[in-house]
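The lines below spell out each chain.
4 protein chains.
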Amino acid sequence: MQTAILIIQCKDSKGIVAAVSEFLYRNNGNIIEIDQHIDQEIEDFFMRAEWELDTFAIAKDEIIKVFAKEVGDRFQMKYTLSFNTPKPRMAIFVSKLSHCLFDILSRYYSGQFQVEIPLVISNHADLKPVVKAFGIPFYHFPINKENKREQEKMQIELLQENKVDFVVLARYMQILSGNFINHFPSRIINIHHSFLPAFVGAKPYHAAHKRGVKIIGATAHYVTEELDAGPIIEQDVARVRHHNTVEEMVQIGQDIEKVVLSKAIKYHLARKIQVVGNRTIIFN
Amino acid sequence: MQTAILIIQCKDSKGIVAAVSEFLYRNNGNIIEIDQHIDQEIEDFFMRAEWELDTFAIAKDEIIKVFAKEVGDRFQMKYTLSFNTPKPRMAIFVSKLSHCLFDILSRYYSGQFQVEIPLVISNHADLKPVVKAFGIPFYHFPINKENKREQEKMQIELLQENKVDFVVLARYMQILSGNFINHFPSRIINIHHSFLPAFVGAKPYHAAHKRGVKIIGATAHYVTEELDAGPIIEQDVARVRHHNTVEEMVQIGQDIEKVVLSKAIKYHLARKIQVVGNRTIIFN
Amino acid sequence: MQTAILIIQCKDSKGIVAAVSEFLYRNNGNIIEIDQHIDQEIEDFFMRAEWELDTFAIAKDEIIKVFAKEVGDRFQMKYTLSFNTPKPRMAIFVSKLSHCLFDILSRYYSGQFQVEIPLVISNHADLKPVVKAFGIPFYHFPINKENKREQEKMQIELLQENKVDFVVLARYMQILSGNFINHFPSRIINIHHSFLPAFVGAKPYHAAHKRGVKIIGATAHYVTEELDAGPIIEQDVARVRHHNTVEEMVQIGQDIEKVVLSKAIKYHLARKIQVVGNRTIIFN
Amino acid sequence: MQTAILIIQCKDSKGIVAAVSEFLYRNNGNIIEIDQHIDQEIEDFFMRAEWELDTFAIAKDEIIKVFAKEVGDRFQMKYTLSFNTPKPRMAIFVSKLSHCLFDILSRYYSGQFQVEIPLVISNHADLKPVVKAFGIPFYHFPINKENKREQEKMQIELLQENKVDFVVLARYMQILSGNFINHFPSRIINIHHSFLPAFVGAKPYHAAHKRGVKIIGATAHYVTEELDAGPIIEQDVARVRHHNTVEEMVQIGQDIEKVVLSKAIKYHLARKIQVVGNRTIIFN
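Protein chains in written order, with the working numbering: chain G, 89 to 372; chain C, 89 to 372; chain F, 89 to 372; chain Y, 89 to 372.
Calculated from the structure, these hints are not laboratory results. Don't take every hint at face value.
Because identical chains cannot be distinguished in the list, a pair is counted as satisfied if it fits within a single copy or across any two copies.
Unchecked claim - Within a straight-line C-alpha distance of at most 27 Å, the following computed DSSO-like cross-link-like pairs (lysine-lysine) qualify:
id	residue 1	residue 2
1	K153	K251
2	K298	K99
3	K354	K184
4	K166	K216
5	K184	K166
6	K360	K298
7	K241	K166
Starting from the given sequences, assemble the full structure and let the hints guide the process.
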């Protein structure tokens, strides 16, 4: 079943729900999901509507134009329209740790993720056999201070050639440059191995152990220029006890990391995320 | 701020959201919250809308009639309309355990619950001083096999005299008769000290200990004639370990029970619960 | 580092900890972990001690004999002695679902599990490529009513030939016979996709959806002849909401299943589990 | 049943468990609980032993002396000996919020806490009726910049007169001076309404909302001079969603705060906490 997904943002006022739902009804749109949210702080109204395309009266590539004219302009809306097909194209960046990569690939294998994975990129060669076993091209870009800029440039070109829609950093141990990030605004998902905003930066499990916390966590977020400070998509936690060593925390944490990252990917694939300032709305 | 809350159920079809939201817009209703749900199994559409009454064009006691004529009849809807004022009137039933009672009364005291508590009923006198300290009338109905029917009859009369809207069984250790339950359909909330449907009936912590579970739970549900089998409103769990005795499980469990029960009361007070068959929709 | 692991059970009495720890001290055993538990119900004392073998004064194959004589007989103890090397040999049984299999194999790949996996057995051929990619032999035993007994006999022989220590049912959709189970007492780990004892048997997510629970779960347990009734090793849960379909519950649940199963395997590999009646002590 | 509780810290070496357990055995000590921990970082050994006093061969006030001579001195141990009776004396400090106070008092009322509460101190008069209803003396110390030092001095005197063993800050909205804290080292428990080390200081729910976290938390810790940086005793978390306002976060968080604080009090009362540097061992 082919669907259209419309996400709307505008100043809150009376009549928006009526106008949008009436537009869909008038054009024979069969609504699958509709969800609204009013942000009390900025007083903006948000809406996500998903409906079947087959019976819809407006042609796929006319929808935006007609919607703008009949509804959007009237409320000075910002909106994005997307479709559930073709499947989005996702690039995965990894380093040496395999747990997040395996988790993503196993969901890809079983059909849980409606996604194409045209390539995996790594700054190390270690995980090449894993990626190859899934029939996915693997590109090795060794990175050091000298070549970083040049390598990133080539990575961006490679992503563009492969028409990549979004990038997943599956425990990729390099900090991306502002230039790279600007090529994919709100389209790079990172998993950080702490309960942000606690323990930003390197070695969060060591820091958590040192602080003596009783719960550790993981955070999936969109990457912005400020390290580990982008809009949070999903978080989860696990209990630790005084006898857990840093190494045990790492193992306990990895179980959280992989599930949190995959949930974030799932929301992104389903276009259920709207970034508002530095926060996210998850239409779920 | 006075609000109206409309909960709708009807066969799913195109145009319902448009019709309802257009009705509210046309009559100058400022929507505070609107939420929809389609039950895939029975193919029914559900909607909860809450809007401000002050500016609404239709008089409070005319709304149902006008809505029926303009929207409800067209879609053969079932619906309930309620208002956030006056506050609902809640009766609490207790026996000897105080943790749920204290939790409810402390929220009542701090203003977290928008509710009136005209009375507390118990089959024991133990908690009378607690209830009195909050300035609430306490009624003692000792119950045995012989007097149960008669006592229940008097309880029902007392509840009716006090215009009680709903009843909360805060670890009340008596099974209510079908007759009692029928006086308050979907309006008696019970807390059961297990993760239903596991461990129905008496002494669930003993049963959980015997079965060797690693997690225990609590369940708030509407009371129906079948014991511990009514529509579930809320559940939560806590970890236990092999060394926890039944007594420790009881203590661990009580922390879950009281929070789960109070959440269920909160949803009920806000009219966020719709019972569908033996399940609940929580519009939250 | 090579270690010995001693697990003890006996009637509780004074002097047991002193006797065991004095035995280890006298023979120059460097204790890594020591843990005790008194079961209040059966009034038995349990102890798990792990110590370094390198410096231990008693030869590996003499330990049991000496311990019996110097400590065990005096307290009429039951005990098992094991060593962390060589690695235990684990067989995995699967059907068509891949999530648990991938989770186990990815931990095996990354070295998180100290285990040998000599073979994977399945009643379907679907997952053969996955298993092959990890360089592990895959055996396909199609099963129907007529051949079940014969196929099980061949499976047992194959497990014995491969010196398999324990079996993991990673969503294996066949019920093992009593004969099979008796070959591996407390050595077959199953993952059941519900929060036991709720929803025993087939299609627990369907049953959970029908009952309208707000939390679903998964349970890893040792297999006994009574279906889904064996000693529970580990459980975990996840929240669901009224709008989650059975299919969504399945996906949410799979994330719990795989982590719970892998935790149970981890405890089993580390000899941290002691079965007591139908319950488990987890020395963790 | 009267018990003795011994908590030991010393450099890790062979024979400690044997020496301590042999000491208890020799003197006819019936062990109720015994637990050990080796801190890998500082390479110290920790042990907590609890045993029945009735049958113990050494008189209550001789135990420390005999233990030092026979065991402690040999391993250069640091240790504390305490007894489960008489009940510890706890002072509660509050401001205006009642949820933690009610939670503590309801456990006190039901006998869950083995504690004496000789007094409650507050910088506001609001909660006086609540405290009075439980028959506990209430002292009002209004605090401003000018009188803070003087008021604290009087509070300390009052605590000393009442032979208070430890202090619980149940959402007390004043920062204690270093002088006050030094009078009660590792004996002041605070509840902070965030998942430390995230959101130190004032208005953590506002900060959490602004950062867009998906999970909020609460932390019970011992108070040290650095604000919200003392040894963590217990933490817990709750999920929030994009639609939760700060006010809703406050309500959700309060349910976590009160349970976390009461758990910390429970551990403290049972002498299950050992502070090591800025971390805690919880013998549980």
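Hints and how they fare:
In this assembly of identical chains, K153 and K251 lie within 27 Å of each other by CA distance solely inside one copy; the values are 25 Å within and 56 Å between copies. Taking CA atoms no more than 27 Å apart as the test, K298 paired with K99 passes between copies only; the shortest distance there is 20 Å, against 46 Å inside one copy. In this assembly of identical chains, K354 and K184 lie within 27 Å of each other by CA distance both inside one copy and across copies; the values are 23 Å within and 22 Å between. Taking the shortest Cα distances, K166 and K216 never come within 27 Å of each other, neither inside one copy (42 Å) nor across copies (49 Å).
For the homomeric pair K184 and K166, neither the shortest alpha-carbon distance inside one copy (41 Å) nor that between copies (44 Å) is at most 27 Å. Proximity of K360 to K298 under the C-alpha cut-off of 27 Å is restricted to the inter-copy arrangement: shortest distance 20 Å between copies versus 37 Å within a copy. Taking CA atoms no more than 27 Å apart as the test, K241 paired with K166 passes in neither setting, with 32 Å inside one copy and 60 Å between copies.
Figure legend: structure checked against the earlier numbered hints; hints not met, in rising order: 4, 5, 7.
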